[in-house]
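Make a model of the complete structure from these sequences and hints.
Going by our numbering, the first residue of the sequence shown is number 1, and it counts up by one from there.
In short, the hints are calculated from the structure, not lab data.
Fair warning: there could be bad hints in the mix.
[As the list claims (entries may be wrong)] List of simulated lysine-lysine pairs, DSS-like, C-alpha gap at most 30 Å:
1) Lys185 with Lys237
2) Lys111 with Lys17
3) Lys120 with Lys201
4) Lys216 with Lys159
5) Lys185 with Lys14
6) Lys225 with Lys175
7) Lys185 with Lys43
8) Lys85 with Lys68
Since the structure is predicted, the reported quantities are computational estimates derived from the model, not experimental observations.
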Amino acid sequence: MARHLNLVQSDFEKLEKRVLPRFPFCYLIFKSENSNERVFEVKDISHSGMQLALKSGNSEERQGENLKGEIHWLGKSLKVQGSVKWAKENRLGVEFSGQQTQREAVDGFLKIENFASSLKPLHREELGLELPPKLKYWLRSDGPAEIFIWRHNDGELSKFQVLIMENFIEWKDTKGLQTGRVISKRDIDTPLISEDEFVFKLDEGIDDDKIEMAKKLLNNVDVDKLSQEALDFMLMKLS
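In structure tokens:
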């Protein structure tokens, strides 16, 4: 498990890395009006923008171009427009338009309640996913939110991570709580498992807003997706 806890420090900021499993499918997609109506996966999304990726081929968009289209997610849809901030082969970084109507629409789409209702319990055996040996629970809501809960050898919970857009909240046994922000993520797939390496910039102290965000997400999780015992444990550690 040591590979999940690499630490990098500098005089200016404290960064930590985590290697976490990645679900191979994405139901959060963007249909572009620019690129012959090609469909992109939404790899990451926040209130200010999104990162897009094509499964095959390279994107035709260039930095500085305007982009317009529609986000689709589990029966919901949202029309958005913005500008391409960077473009690398099959990936794009898009900043949403600053128009008030657009901001309000994005804020409504990215409600914590929507994340919670669409969380999928990926730890269930019927899905047939290969999980790291000490990962007990794994809930995922495509790009916006993800919950990882780990156990000790004796079955007791050892740590958990909550990712909500670019926000990172973690509790670890003997270490306690810490919060931070995702600053980079890259695929490190192996023949046996799909994984992402995250780099987080840690907050100097605990960010109460991030803690409240995590608590709100957990308070809206259905108990049929995660045991009440695990939910109560996490909420206690966040209090």
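Review point. Taking only the CA atoms, is the gap from lysine 185 to lysine 237 under or equal to 30 Å?
Key: Holds, at roughly 26 Å.
Check your understanding: Do the alpha carbons of lysine 185 and lysine 14 lie within 30 Å of each other, as the hint requires?
Key -> holds, 16 Å
Point to revise | 30 Å limit on alpha-carbon distance, applied to hinted pair lysine 120 and lysine 201 | key: holds, 27 Å
Check your understanding: Between lysine 225 and lysine 175, does the CA-CA distance stay at or below 30 Å?
Key -> Since the Cα atoms of lysine 225 and lysine 175 sit roughly 27 Å apart, the hinted pair holds (cutoff 30 Å).
Exercise for review: Given the hint that lysine 111 pairs with lysine 17, test it: the Cα-Cα distance must not exceed 30 Å.
Suggested key: Satisfied, since the Cα-Cα distance of roughly 27 Å is no more than 30 Å.
Review point. Regarding the pair lysine 85 and lysine 68, is the alpha-carbon distance no greater than 30 Å?
Key: holds, 14 Å
Point to revise | Given hint lysine 43 paired with lysine 185 - CA-CA distance at most 30 Å | key: holds, 10 Å
Review point. Quick one, are lysine 216 and lysine 159 close enough, alpha carbons at most 30 Å?
Key: holds, 19 Å
This entry satisfies every hint, going by the numbered hints stated previously.
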